[in-house]
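Q: All chains should be built: construct the whole structure from the sequences, respecting the hints.
Top to bottom, those sequences are chains A and B. When we follow this note's numbering, the leftmost residue of the first sequence carries the number 1, and every step to the right adds one. When we follow this note's numbering, the leftmost residue of the second sequence carries the number 1, and every step to the right adds one.
These are computed hints drawn from the structure, not numbers from a lab. Watch out, some of these pointers could steer you wrong.
[To be verified] Dumping the calculated BS3-like pairs for lysine-lysine here, alpha-carbon to alpha-carbon at most 27 Å:
1) 32(B) - 111(A)
2) 425(B) - 231(B)
3) 144(A) - 32(B)
4) 337(A) - 388(A)
5) 231(B) - 346(B)
6) 182(A) - 144(A)
7) 346(A) - 32(B)
8) 254(A) - 21(B)
9) 346(B) - 32(A)
10) 337(A) - 32(B)
11) 3(A) - 21(B)
12) 32(B) - 123(A)
13) 3(B) - 144(A)
14) 337(B) - 32(A)
15) 434(B) - 241(B)
16) 3(B) - 337(A)
17) 123(B) - 3(A)
18) 21(B) - 241(A)
19) 144(B) - 144(A)
20) 144(A) - 32(A)
21) 21(A) - 254(B)
22) 21(A) - 32(A)
23) 144(A) - 231(B)
24) 21(B) - 144(A)
25) 111(B) - 32(A)
[To be verified] Now the stretches of chain B that chain A is said to cover, found in silico as 3 or more residues with beta-carbon under 8 Å:
26) 32-39
27) 45-56
28) 146-156
29) 293-307
30) 329-343
[Claimed, not checked] Sample of chain B residues with no beta-carbon within 10 Å of chain A, all distances over it, derived:
31) 4
32) 64
33) 83
34) 112
35) 193
36) 231
37) 235
38) 244
39) 311
40) 324
For glycine and all other residues, C-beta sits at the position ideal for the given N, C-alpha and C.
Protein chains: 2
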Amino acid sequence: MPKTITVGLIGFGTIGTGVVKTLQMNGELITKRLGAEIRLKKIADLDIETDRGVKVDPSILTTNAEEILNDPEIDVIIELMGGYHPAREFILKGIENGKSIVTANKALMAKHGEEIFEAAEAKGVSIGFEASVGGAIPVIRTIKEDFAANEILSIFGIVNGTANYILSKMSDQGEDFQDALKEAQRLGFAEADPTFDIEGHDSAHKIALLATLAFGTRVPIDDVYMEGISKITQDDIHFAKQFGYRIKLLAIAKQCGDSLDIRVHPTMISVDNPISNINGATNAIEILGNAMETSMLVGEGAGSLPTASAVVGDVIEISRNILTGGQNRVPARSFLKENIRTMPIKPMEEIESEYYLRFYVVDRPGVLSKISGILGNNNISIGSVIQKEQKENSGVPLVITTHTAMERNIRNALAEIDKLDIIKKETFYLRLEKEG
Amino acid sequence: MPKTITVGLIGFGTIGTGVVKTLQMNGELITKRLGAEIRLKKIADLDIETDRGVKVDPSILTTNAEEILNDPEIDVIIELMGGYHPAREFILKGIENGKSIVTANKALMAKHGEEIFEAAEAKGVSIGFEASVGGAIPVIRTIKEDFAANEILSIFGIVNGTANYILSKMSDQGEDFQDALKEAQRLGFAEADPTFDIEGHDSAHKIALLATLAFGTRVPIDDVYMEGISKITQDDIHFAKQFGYRIKLLAIAKQCGDSLDIRVHPTMISVDNPISNINGATNAIEILGNAMETSMLVGEGAGSLPTASAVVGDVIEISRNILTGGQNRVPARSFLKENIRTMPIKPMEEIESEYYLRFYVVDRPGVLSKISGILGNNNISIGSVIQKEQKENSGVPLVITTHTAMERNIRNALAEIDKLDIIKKETFYLRLEKEG
Chain A
1 MPKTITVGLI
11 GFGTIGTGVV
21 KTLQMNGELI
31 TKRLGAEIRL
41 KKIADLDIET
51 DRGVKVDPSI
61 LTTNAEEILN
71 DPEIDVIIEL
81 MGGYHPAREF
91 ILKGIENGKS
101 IVTANKALMA
111 KHGEEIFEAA
121 EAKGVSIGFE
131 ASVGGAIPVI
141 RTIKEDFAAN
151 EILSIFGIVN
161 GTANYILSKM
171 SDQGEDFQDA
181 LKEAQRLGFA
191 EADPTFDIEG
201 HDSAHKIALL
211 ATLAFGTRVP
221 IDDVYMEGIS
231 KITQDDIHFA
241 KQFGYRIKLL
251 AIAKQCGDSL
261 DIRVHPTMIS
271 VDNPISNING
281 ATNAIEILGN
291 AMETSMLVGE
301 GAGSLPTASA
311 VVGDVIEISR
321 NILTGGQNRV
331 PARSFLKENI
341 RTMPIKPMEE
351 IESEYYLRFY
361 VVDRPGVLSK
371 ISGILGNNNI
381 SIGSVIQKEQ
391 KENSGVPLVI
401 TTHTAMERNI
411 RNALAEIDKL
421 DIIKKETFYL
431 RLEKEG
Chain B
1 MPKTITVGLI
11 GFGTIGTGVV
21 KTLQMNGELI
31 TKRLGAEIRL
41 KKIADLDIET
51 DRGVKVDPSI
61 LTTNAEEILN
71 DPEIDVIIEL
81 MGGYHPAREF
91 ILKGIENGKS
101 IVTANKALMA
111 KHGEEIFEAA
121 EAKGVSIGFE
131 ASVGGAIPVI
141 RTIKEDFAAN
151 EILSIFGIVN
161 GTANYILSKM
171 SDQGEDFQDA
181 LKEAQRLGFA
191 EADPTFDIEG
201 HDSAHKIALL
211 ATLAFGTRVP
221 IDDVYMEGIS
231 KITQDDIHFA
241 KQFGYRIKLL
251 AIAKQCGDSL
261 DIRVHPTMIS
271 VDNPISNING
281 ATNAIEILGN
291 AMETSMLVGE
301 GAGSLPTASA
311 VVGDVIEISR
321 NILTGGQNRV
331 PARSFLKENI
341 RTMPIKPMEE
351 IESEYYLRFY
361 VVDRPGVLSK
371 ISGILGNNNI
381 SIGSVIQKEQ
391 KENSGVPLVI
401 TTHTAMERNI
411 RNALAEIDKL
421 DIIKKETFYL
431 RLEKEG
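A: Okay, structure coming up:
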């Protein structure tokens, strides 16, 4: 007698359709691995009329999610509706009814994860959220299981495909930010309102989730520093290349003693680091552990089938737990509940990094000496200097990279420098990462 | 009362020492994740005198592996002695005594895996072998679990750090094969007898294991085609660059209908493919699935602590299974025993690929026409041609890349061409991979 795991899907959009397709395409194969059939019993969505390009028995469609939440036959609920409400309520209700949950909802998990994890722990059900970070990239299970023998020291991630697509276009095709954004919107890589992706919110949600798992800490999502990519110009792209760097929107989490250095910002990464070569909508996450050294995971960070691959992977994992009775095999947050701590987030002003400073100055002798004097007074030592030959209306670009300095000192120095009459326009700076 | 998982280690060499260090360094952290202590009760090695640079209570050392195999308290045995005998007998005895096994022994698992897997399945114990392929790279668990929703279509791996180190040296520093090999030996990246690494045996073991898991098939290890890197010259490296390729020792496994295309050989890979940028002793494995698309895993493929990271990761995984009673949660070979099949291996002569052909010819008109005529007669169409200007004693290098052709046709054409008096030395060829 073949065993069956019964699943209900809430949210029949792009990813939901991918889940249905994946189960249809690979269901037989999955059964050969799992030893049980995954049966999709119900799909709930407000819109059950639109043709999604996938064949579904109409009798399994419903507009009422309660039919899934309250169905005693359903073992696992897949939540793919997105947003905070009513996704949160549906998930909590499902847990209360003894169902395991699979979700791709990073915003929800970053904001309400603790409540959801604790509810699942209390009820002894599983919560799978592999699809919430990095699409098909297996970063969540990898941190929780494969790398569990390591103290994890840092995570660097290109986790937003929209921003990476735009930066790649700017770098490879010499396009300005606005043109690259328009192209991305035309191709469906960016939303009509792209703020969430290009200003770093999405990356912040994802790195907060990864930091929770890697370091066993709560991360108040609103305290994660974010900086977007909209201020980056072709000059910056050009200078980065000259210095041997590429600019990527990087989500960073590092353990610094007892505090957590967590932030999202465009970063200049050395071309020697393979993560600098990850282009287009592809995502990559680099994890440094004290035994494994550096490991990098690369793959499709979004899209219907790649994200569905992670969703169905979670359903299979939970099915194995249900079939063998090991529901609490791995703690939802990687650490046992009693070992989750609250690490303070390092204030941005206290982080240390190397920096790229791009000035627009008047073309006059003594400019460099004035600027370098102020940098020196602020304990910032200079790594290299490039001055572009041709003049522009907005002044001559002058670029300085620094050795490791404290962010506060950089900000103070630039505030002072920007008051000088030799400065033609507000100075822009980026942080550099050499290591991985 | 804290729970304890009791472990015995057989083989106190480089990796064994790494395991002891990892448990000492991260034991407390592991307990916070696992909810149990991993206790190393015994270490067996023929040499228990040498100082390994790690502090161990002398009373846990023994020269008699039986003390571990027969200790009723021991839950998990870590086998790190390597080789076929007595590693095989020890593992089978351990299984018979109801112990789960963790091993890094790829040669043993590639040759005697089926026997060991079946013994473990029959006894209901777990067998962890994550460390046997790609060191710290979590490729085995990823194929078995994270990517379980996919039909896996192909695997491309740089899975031998020695060969990759040598090829990187040849490419980046213009060194000849012999010099690069000597340098690798001096730095400990290559053995005194490097055959196993540079001729592809090690890569063949690893790709055979991965193919078993990915495709659910038995792979008779002696039938895997192998070709090493010792014939590659600076001319080849140079031409590869001109065509926009890099040369890597690639382990390849593809599902071709009902047959398995599995082989190890130096391959020219387009620089647009991120795997071509993986240099030095680093390993990388690219997996293509029908839902996830391409995923690449990169990391340290060898070394004491990185390999130990995977070994201890397996111990943690098995401990979770023991603690929650889910010992048979995931089939050892990824597919249920009854679904393991025997796919025939595609004969090398029948594979299809693009090719790089490097001739040394006399400098005389009509040479290209003769060669291209024979290629055409063998159904091989030409992609591009480069002829090096300067003459050498051994003739003028002439390089041709082809469109997709059948290996048999290439071999036949070259056999015919090499008989011509315009050919100064045996023609060399490499296969090209454009996609991932």
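Q: If a hint holds in the structure, say so; if it doesn't, say that too.
A: Quick rundown of the hints versus the structure:
1. 32(B) - 111(A): Holds, at roughly 24 Å.
2. 425(B) - 231(B): holds, 13 Å
3. 144(A) - 32(B): holds, 12 Å
4. 337(A) - 388(A): Violated, at about 55 Å.
5. 231(B) - 346(B): Answer holds: residue 231(B) to residue 346(B) is near 25 Å, not above 27 Å.
6. 182(A) - 144(A): violated, 38 Å
7. 346(A) - 32(B): holds, 24 Å
8. 254(A) - 21(B): holds, 23 Å
9. 346(B) - 32(A): holds, 24 Å
10. 337(A) - 32(B): Satisfied, since the Cα-Cα distance of roughly 9 Å is no more than 27 Å.
11. 3(A) - 21(B): violated, 43 Å
12. 32(B) - 123(A): holds, 21 Å
13. 3(B) - 144(A): Measuring from Cα to Cα gives roughly 20 Å; hence the hint holds.
14. 337(B) - 32(A): OK: residue 337(B) and residue 32(A) at ~9 Å, within 27 Å.
15. 434(B) - 241(B): holds, 14 Å
16. 3(B) - 337(A): holds, 16 Å
17. 123(B) - 3(A): holds, 22 Å
18. 21(B) - 241(A): Answer violated: residue 21(B) to residue 241(A) is near 41 Å, above 27 Å.
19. 144(B) - 144(A): holds, 16 Å
20. 144(A) - 32(A): The hint holds at about 26 Å.
21. 21(A) - 254(B): Distance ~23 Å between residue 21(A) and residue 254(B) Cα, so the pair holds.
22. 21(A) - 32(A): holds, 18 Å
23. 144(A) - 231(B): Not OK: residue 144(A) and residue 231(B) at ~43 Å, beyond 27 Å, violated.
24. 21(B) - 144(A): holds, 21 Å
25. 111(B) - 32(A): With a Cα-Cα distance of about 24 Å, the restraint between residue 111(B) and residue 32(A) holds, given a limit of 27 Å.
26. 32-39: holds (count 4)
27. 45-56: violated (count 0)
28. 146-156: holds (count 6)
29. 293-307: With 11 residues in contact (Cβ-Cβ under 8 Å with chain A), the coverage given for the stretch 293-307 of chain B holds.
30. 329-343: As far as the stretch 329-343 of chain B goes, the hint holds, because 7 residues have Cβ atoms under 8 Å from chain A.
31. 4: holds, 15 Å
32. 64: holds, 27 Å
33. 83: holds, 25 Å
34. 112: holds, 23 Å
35. 193: holds, 27 Å
36. 231: For residue 231(B), whose nearest Cβ neighbour in chain A is about 28 Å away, the distance exceeds 10 Å, so it holds.
37. 235: holds, 26 Å
38. 244: holds, 14 Å
39. 311: At about 8 Å from chain A, residue 311(B) fails to clear the 10 Å cut-off, so the statement is violated.
40. 324: violated, 4 Å
Of the numbered hints given earlier, the model fails hints 4, 6, 11, 18, 23, 27, 39, 40; all others are met.
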